[in-house]
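Spelled out, the chains give:
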Amino acid sequence: MFKNYLKIASRNLIKKKGYSFLNIGGLTIGMACSILILLWVRNESSYDAFHENADEKFRLTAQANADFKAAVSPVGMVLGLGEEMPEIKESLLLSKPFDALMEVQGTKFKENAVFYASDNFLQFFNYPLLEGDPNTALVAPNGIVITESTAEKYFDKNNAMGQYITIDNGDSFMVTGILKSLPSNSHLQFKAVLPMAYIANRDQDLIDKVWNSFDFYGYFQFEKEAVQSPEAFARTIEKINTIYAKRQPDFEIKFDLQAIKDIHLHSSNLQIDVPGHGNSLYVNLFLIVAFVILIVACINYMNLATAKSSKRAKEVGLRKVVGAGRHQLILQFLGESLIISFLSLALATILVYLLLPSFNDLTQKVLSPQFNDPFIVVSMLAMAIVTGILSGSYPALFLSGFKPVRALKGKLIFSKYNQFFRNGLVISQFAISVLLLIGTMVIYDQVNYIRDKNLGFDKSNLIYIPMEGEMFDKQEALKSALTQNKLTSDFSIISDIPANLVTGDFNVSWEGKDPNLQVLFPSIRSDERFLEVFQMQLLSGSNFSKTSFENHDYLVNETTVKTMGLTPEQAIGKNLRFRGNSGTILGVVKDFNFKPLQHAMEPLIIQHHKGGRYAVVKIAPNTIKPTIAALEEIYGRLNPAYPLTYNFMDAHLDAQYKGEQQMGAVFNVFALLAIFISCLGLYGLSAYMAEQRFKEIGIRKVLGASSLKLLHMLSKDYLKLILAAFVLALPIAWYIMDLWLQEFAYHIEIQWWMFASAGFILLVVALSTVSFQSMKASMANPIKSLRTE
Amino acid sequence: MITIKNLKKSFRTEEVETLALNNVNLTVEEGEFAAIMGPSGCGKSTLLNIIGMLDNPTEGSYNFAGHEVAGLKESQRTQLRKGNLGFVFQSFNLIDELTVYENVELPLIYLKMSKAERKQKVREVLERMKIAHREKHFPQQLSGGQQQRVAISRAVVTNPKLILADEPTGNLDSKNGIEVMNLLTELNQEGATIVMVTHSDRDSHYAHRVINLFDGQIVTESKNRAVGAAL
Chain A
1 MFKNYLKIAS
11 RNLIKKKGYS
21 FLNIGGLTIG
31 MACSILILLW
41 VRNESSYDAF
51 HENADEKFRL
61 TAQANADFKA
71 AVSPVGMVLG
81 LGEEMPEIKE
91 SLLLSKPFDA
101 LMEVQGTKFK
111 ENAVFYASDN
121 FLQFFNYPLL
131 EGDPNTALVA
141 PNGIVITEST
151 AEKYFDKNNA
161 MGQYITIDNG
171 DSFMVTGILK
181 SLPSNSHLQF
191 KAVLPMAYIA
201 NRDQDLIDKV
211 WNSFDFYGYF
221 QFEKEAVQSP
231 EAFARTIEKI
241 NTIYAKRQPD
251 FEIKFDLQAI
261 KDIHLHSSNL
271 QIDVPGHGNS
281 LYVNLFLIVA
291 FVILIVACIN
301 YMNLATAKSS
311 KRAKEVGLRK
321 VVGAGRHQLI
331 LQFLGESLII
341 SFLSLALATI
351 LVYLLLPSFN
361 DLTQKVLSPQ
371 FNDPFIVVSM
381 LAMAIVTGIL
391 SGSYPALFLS
401 GFKPVRALKG
411 KLIFSKYNQF
421 FRNGLVISQF
431 AISVLLLIGT
441 MVIYDQVNYI
451 RDKNLGFDKS
461 NLIYIPMEGE
471 MFDKQEALKS
481 ALTQNKLTSD
491 FSIISDIPAN
501 LVTGDFNVSW
511 EGKDPNLQVL
521 FPSIRSDERF
531 LEVFQMQLLS
541 GSNFSKTSFE
551 NHDYLVNETT
561 VKTMGLTPEQ
571 AIGKNLRFRG
581 NSGTILGVVK
591 DFNFKPLQHA
601 MEPLIIQHHK
611 GGRYAVVKIA
621 PNTIKPTIAA
631 LEEIYGRLNP
641 AYPLTYNFMD
651 AHLDAQYKGE
661 QQMGAVFNVF
671 ALLAIFISCL
681 GLYGLSAYMA
691 EQRFKEIGIR
701 KVLGASSLKL
711 LHMLSKDYLK
721 LILAAFVLAL
731 PIAWYIMDLW
741 LQEFAYHIEI
751 QWWMFASAGF
761 ILLVVALSTV
771 SFQSMKASMA
781 NPIKSLRTE
Chain B
1 MITIKNLKKS
11 FRTEEVETLA
21 LNNVNLTVEE
31 GEFAAIMGPS
41 GCGKSTLLNI
51 IGMLDNPTEG
61 SYNFAGHEVA
71 GLKESQRTQL
81 RKGNLGFVFQ
91 SFNLIDELTV
101 YENVELPLIY
111 LKMSKAERKQ
121 KVREVLERMK
131 IAHREKHFPQ
141 QLSGGQQQRV
151 AISRAVVTNP
161 KLILADEPTG
171 NLDSKNGIEV
181 MNLLTELNQE
191 GATIVMVTHS
201 DRDSHYAHRV
211 INLFDGQIVT
221 ESKNRAVGAA
231 L
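Those protein sequence lines, which keep their order, are chains A and B.
Numbering follows UniProt numbering, in which position 164 of the first sequence is assigned residue number 164; successive positions increment by one, without gaps.
Numbering follows UniProt numbering, in which position 150 of the second sequence is assigned residue number 150; successive positions increment by one, without gaps.
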């Protein structure tokens with residue numbers, strides 16, 4: 001029996017090549033998209049699951065107020081909690097990542113992700129070691145653990161162990177371990193790890209074991225019982241907070257524990273954190289997109305299969321006459337759709353292989369087709385089965401229900417219910433297309449908005465260089481060298497780049513401050529040229545001058561003044577106590593964005609300081625190359641041990657929205673594909689409708705209707721469907737896109753024209769798709785359509 | 001074999017009710033060859049469809065080989081039909097995607113017969129209908145007469161008690177038509193009961209009995225004196 005079905009199915013596929021192409025093509029594209037998204041989602045949600053007992057391991061996070069949450073903790077706390085909490089099995093201290101200049105036999109390498117870690121790092125995290133002992137590699141203060149690729153870059157791969165690397169032109173470290181290439185799904189990505197023991201006597205936080213300065217990452221492994229149930233977990237967190245409150249009664253900080261498996265996707269609300277996290281919102285969004293694309297492809301199949309139905313009616317009638325029961329016919333048609341869905345799965349798998357490199361480019365991932373991952377394989381098989389059954393169920397029920405006598409005569413009367421159902425399918429397909437189109441437009445507009453938003457300063461033509469090595473102590477020489485060259489004379493020295501400022505102090509007071517007010521004040525230290533180079537606007541008072549007091553003269557932004565309850569004018573001359581220094585507000589600067597636009601404006605204190613960690617140079621138009629050459633010359637002269645690193649301010653700012661841009665690009669591609677698949681289905685459906693009305697068209701033509709009139713008549717029906725879909729999609733699109741936009745403190749408003757253009761685009765695409773079939777039908781010779789018997 | 005009593009069939013569209021069969025009483029004995037004649041729209045095909053259990057009567061009773069058919073559900077009718085009935089249509093109604101062999105095999109598949117048994121039966125009947133040399137061809141590669149022979153093969157392959165033929169020669173030229181009628185006669189002589197709807201006087205002469213329908217009612221029944229009188 002099955003063989004017979006297979007025969008019929010395959011012969012039908014071969015015979016009706018056009019239909020087969022539309023059917024299988026739609027399903028293949030849909031499935032390939034879904035598999036790609038599945039691979040991506042699988043990768044995104046697999047972060048750090050490879051560590052042993054990952055469920056027992058957590059990272060400590062601290063929340064200062066409603067807006068400020070960070071992944072950093074005080075050293076004393078990370079090291080001390082274990083003594084008071086026996087349920088802590090293991091504590092791990094990790095420094096913030098930093099840039100290091102590595103030197104091996106005279107060759108220098110700049111590495112941008114190096115950590116200090118406590119000696120149990122390689123036991124706590126299970127990064128596999130190629131060489132070395134995980135128990136001892138980070139014990140000696142002068143050891144260094146590097147990754148496989150770093151080892152290959154520095155040394156002949158086989159004898160890196162025991163070799164020496166000089167760091168920042170200072171001490172030498174002996175390679176005590178080589179890590180296998182880091183799994184891409186680890187939230188920590190680094191080139192080398194240094195022993196915490198090295199800075200144990202150098203870093204003041206470590207020497208004092210402080211509980212009030214948040215500069216390290218703390219990880220803990222707990223006894224299972226302490227974190228397994230939600231109640232126990234809440235008790236554990238409560239205990240941590242109680243211990244901290246006892247130690248630091250004046251600090252109102254709330255601590256929380258973040259499962260290491262959650263770090264990658266659930267850290268978007270953390271302001272101080274290691275870079276490179278994903279966002280659970282995008283994972284969910286793309287899962288929905290994958291599902292939606294598959295649904296669109298299924299609807300396609302249903303529409304096309306019912307479109308074919310009048311051609312298969314005779315077969316159905318006949319099978320019934322010779323003894324087929326309805327269930328046998330249902331099985332036959334389900335079998336057919338399963339065959340098609342598995343065929344599509346096979347083709348989709350090939351397509352995934354072909355598309356993966358481009359998809360990896362698009363998503364900046366290194367995904368591989370993990371067809372040995374049982375989860376992926378089972379998901380794919382399930383996808384094919386569900387798609388087959390879902391897409392085949394309606395045609396199966398529909399076709400098997402034909403009355404044999406009528407089916408044999410080709411006189412099929414389609415019930416209102418069927419008509420309603422099919423229209424419903426088309427409406428949902430259109431609605432999904434409208435939804436995706438609107439989504440594409442909103443994301444595109446928002447990404448553009450972020451890129452072009454006036455940040456309150458001019459980000460163009462700004463180049464910044466970090467003070468590294470000897471440069472930090474040669475700032476006066478640097479300043480005079482920069483001043484002397486006309487190309488570089490427009491510069492400022494600042495402590496932090498106003499792109500993603502992560503500083504913050506509660507310790508700010510002024511006369512009349514509400515003692516209960518707990519506001520975090522980010523700050524920047526700068527020289528007197530900061531406002532000029534960044535072209536910021538002074539609202540009141542005056543800028544720093546060469547005679548301003550270092551550390552004691554302040555500029556503040558508008559939000560600070562508002563927080564203080566003053567106007568910009570009133571604030572001038574007011575006394576401000578900040579970090580233990582008492583100083584005066586000289587001027588008020590118009591608010592400018594010093595954090596990514598996801599965050600709302602916060603107060604800012606600009607402290608006058610002559611030295612800094614960055615020199616920012618404003619380049620005159622069309623002088624980029626000579627300016628860089630000049631900088632290289634100056635840098636090489638003053639700081640010969642370090643190669644010059646420089647960065648453009650606008651590029652740096654844009655890079656902050658890489659995630660959004662990538663998501664936008666991926667979303668675009670999938671939206672276009674979904675619309676394309678819908679069009680395939682629409683094409684089939686219009687063929688079906690034209691077929692249904694073949695006779696009517698013939699009669700109308702005999703009675704004198706023109707082809708144009710008929711075309712209009714046939715297209716009118718689709719207009720109604722598009723309109724219905726449009727109305728259905730609007731509120732959903734508005735809701736979802738508004739939800740996404742709320743992620744940004746600065747965002748566009750959804751505009752009516754986005755809806756209008758989505759509707760218009762769909763109308764044009766849909767009508768041009770159907771008009772082909774309608775035209776064919778309306779231009780056919782009426783004799784053909786009337787001669788049915 | 002067939003006893004029909006006070007049978008009525010009406011079709012209802014949104015506003016109009018059409019009475020297709022009105023108080024039909026009919027008996028067909030086992031081994032009989034009956035022809036139903038009448039003008040277009042008189043209800044011939046409707047009657048044949050009810051006899052063939054493809055349709056249910058609105059009122060009245062229909063007894064087939066001791067089973068009351070009126071009021072059975074579709075699945076029950078399918079069950080009863082399987083293997084007991086063979087259909088021959090005016091337009092052959094072969095499945096275009098299946099070969100001659102596969103078309104004839106189809107009813108046996110639904111009877112869940114083993115492959116070997118099917119093969120034997122299909123071969124037998126194809127030989128007999130002199131179409132075995134075409135078993136790998138698809139219907140569209142055959143002439144009308146050949147197609148109808150395949151259709152008859154399919155109708156008789158299950159060895160049915162009753163063969164129903166709906167204008168079996170309607171789409172054939174006279175030479176092929178005579179051939180088909182001879183085949184039906186042969187089958188009848190071997191014991192099959194045949195009920196045939198026809199427009200053709202010539203074909204009706206092959207039957208033992210001619211039933212004339214007019215406006216859904218049997219108006220006359222006449223016995224043919226000698227079978228094969230037209231020959």
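Treat the hints loosely; a few may be bogus.
Claimed, not checked - Below are the SDA-like pairs computed for lysine to any residue, each with C-alpha atoms no more than 25 Å apart in a straight line:
{"no.": "1", "chain 1": "B", "residue 1": "Lys112", "chain 2": "A", "residue 2": "Ile330"}
{"no.": "2", "chain 1": "A", "residue 1": "Lys3", "chain 2": "B", "residue 2": "Gln120"}
{"no.": "3", "chain 1": "A", "residue 1": "Lys180", "chain 2": "A", "residue 2": "Asp208"}
{"no.": "4", "chain 1": "A", "residue 1": "Lys590", "chain 2": "A", "residue 2": "Ala641"}
{"no.": "5", "chain 1": "A", "residue 1": "Lys311", "chain 2": "B", "residue 2": "Gln120"}
{"no.": "6", "chain 1": "A", "residue 1": "Lys695", "chain 2": "B", "residue 2": "Ser91"}
{"no.": "7", "chain 1": "A", "residue 1": "Lys403", "chain 2": "B", "residue 2": "Lys121"}
{"no.": "8", "chain 1": "A", "residue 1": "Lys7", "chain 2": "B", "residue 2": "Glu135"}
{"no.": "9", "chain 1": "B", "residue 1": "Lys121", "chain 2": "A", "residue 2": "Ala651"}
{"no.": "10", "chain 1": "A", "residue 1": "Lys595", "chain 2": "A", "residue 2": "Gln258"}
{"no.": "11", "chain 1": "B", "residue 1": "Lys119", "chain 2": "A", "residue 2": "Gln258"}
{"no.": "12", "chain 1": "A", "residue 1": "Lys16", "chain 2": "B", "residue 2": "Gly41"}
{"no.": "13", "chain 1": "A", "residue 1": "Lys314", "chain 2": "B", "residue 2": "Gln90"}
{"no.": "14", "chain 1": "A", "residue 1": "Lys409", "chain 2": "B", "residue 2": "Lys121"}
{"no.": "15", "chain 1": "A", "residue 1": "Lys308", "chain 2": "B", "residue 2": "Gln141"}
{"no.": "16", "chain 1": "A", "residue 1": "Lys69", "chain 2": "A", "residue 2": "Gln598"}
What the hints assert, rightly or not - Listing some non-contacts, in silico: residues in chain A with all C-beta distances to chain B over 10 Å:
{"no.": "17", "residue": "Asp156"}
{"no.": "18", "residue": "Gln163"}
{"no.": "19", "residue": "Val210"}
{"no.": "20", "residue": "Glu315"}
{"no.": "21", "residue": "Gln328"}
{"no.": "22", "residue": "Glu470"}
{"no.": "23", "residue": "Lys546"}
{"no.": "24", "residue": "Gln656"}
These aren't lab readings, by the way, just hints derived from the structure by calculation.
Glycine residues also receive a C-beta, built at the ideal position from the N, C-alpha and C atoms.
To see whether the hints hold, each was checked on the structure:
Restraint check for Lys112 of chain B and Ile330 of chain A: the C-alpha separation of about 17 Å stays at or below 25 Å, so the hint holds. Of the supplied pair hints, the one linking Lys3 of chain A and Gln120 of chain B holds, its CA atoms being roughly 18 Å apart against a limit of 25 Å. Of the pairs offered as hints, the one joining Lys180 of chain A and Asp208 of chain A is violated, with about 35 Å between alpha carbons and a cut-off of 25 Å exceeded. About 40 Å separates the Cα atoms of Lys590 of chain A and Ala641 of chain A, which puts this hinted pair outside 25 Å; it is violated.
As the CA atoms of Lys311 of chain A and Gln120 of chain B are separated by approximately 32 Å, the hinted pair breaks the 25 Å bound. Proximity of Lys695 of chain A to Ser91 of chain B is assessed by CA-CA distance (about 21 Å); at most 25 Å being required, the pair is judged to hold. Proximity of Lys403 of chain A to Lys121 of chain B is assessed by CA-CA distance (about 29 Å); at most 25 Å being required, the pair is judged violated. Of the supplied pair hints, the one linking Lys7 of chain A and Glu135 of chain B holds, its CA atoms being roughly 16 Å apart against a limit of 25 Å.
Our distance criterion of 25 Å between C-alpha atoms is broken by Lys121 of chain B and Ala651 of chain A, whose separation comes to about 80 Å. For the hint linking Lys595 of chain A to Gln258 of chain A, the alpha-carbon distance of about 23 Å falls within 25 Å, and the restraint holds. A hinted pair counts as satisfied when its Cα atoms are at most 25 Å apart, and Lys119 of chain B with Gln258 of chain A does not qualify at roughly 70 Å. Of the supplied pair hints, the one linking Lys16 of chain A and Gly41 of chain B is violated, its CA atoms being roughly 36 Å apart against a limit of 25 Å.
Note on Lys314 of chain A and Gln90 of chain B: the hinted pairing holds, with a Cα-Cα distance of about 14 Å set against a maximum of 25 Å. Of the supplied pair hints, the one linking Lys409 of chain A and Lys121 of chain B is violated, its CA atoms being roughly 29 Å apart against a limit of 25 Å. For the proposed pair Lys308 of chain A and Gln141 of chain B, the alpha carbon gap of about 23 Å is at most 25 Å, so the pair holds. At most 25 Å may separate the alpha-carbon atoms for a hinted pair to count; Lys69 of chain A and Gln598 of chain A meet this at roughly 14 Å.
At roughly 67 Å, the least C-beta separation between Asp156 of chain A and chain B is larger than 10 Å, which holds for a residue marked as non-interface. Every C-beta of chain B lies more than 10 Å from that of Gln163 of chain A, the closest at about 73 Å, which supports listing it as non-interface. Residue placement check: Val210 of chain A keeps its beta carbon more than 10 Å from all beta carbons of chain B (closest about 82 Å). Distance check for Glu315 of chain A against chain B: the nearest CB is about 5 Å away, which does not clear 10 Å, and the non-interface claim fails.
Against chain B, the non-interface label of Gln328 of chain A is violated: not every CB pair exceeds 10 Å, the least being about 7 Å. Consistency note on Glu470 of chain A: stated as away from chain B, and its beta-carbon is indeed over 10 Å from all of that chain's, at 84 Å minimum. Once the 10 Å rule is applied to beta carbons, Lys546 of chain A is consistent with being away from chain B; the minimum gap is 93 Å. For Gln656 of chain A, the shortest C-beta to C-beta distance to chain B comes to about 60 Å, beyond the 10 Å cut-off, and the non-interface label holds.
Checked against the numbered hints above, the structure violates hints 3, 4, 5, 7, 9, 11, 12, 14, 20 and 21; every other hint is satisfied.
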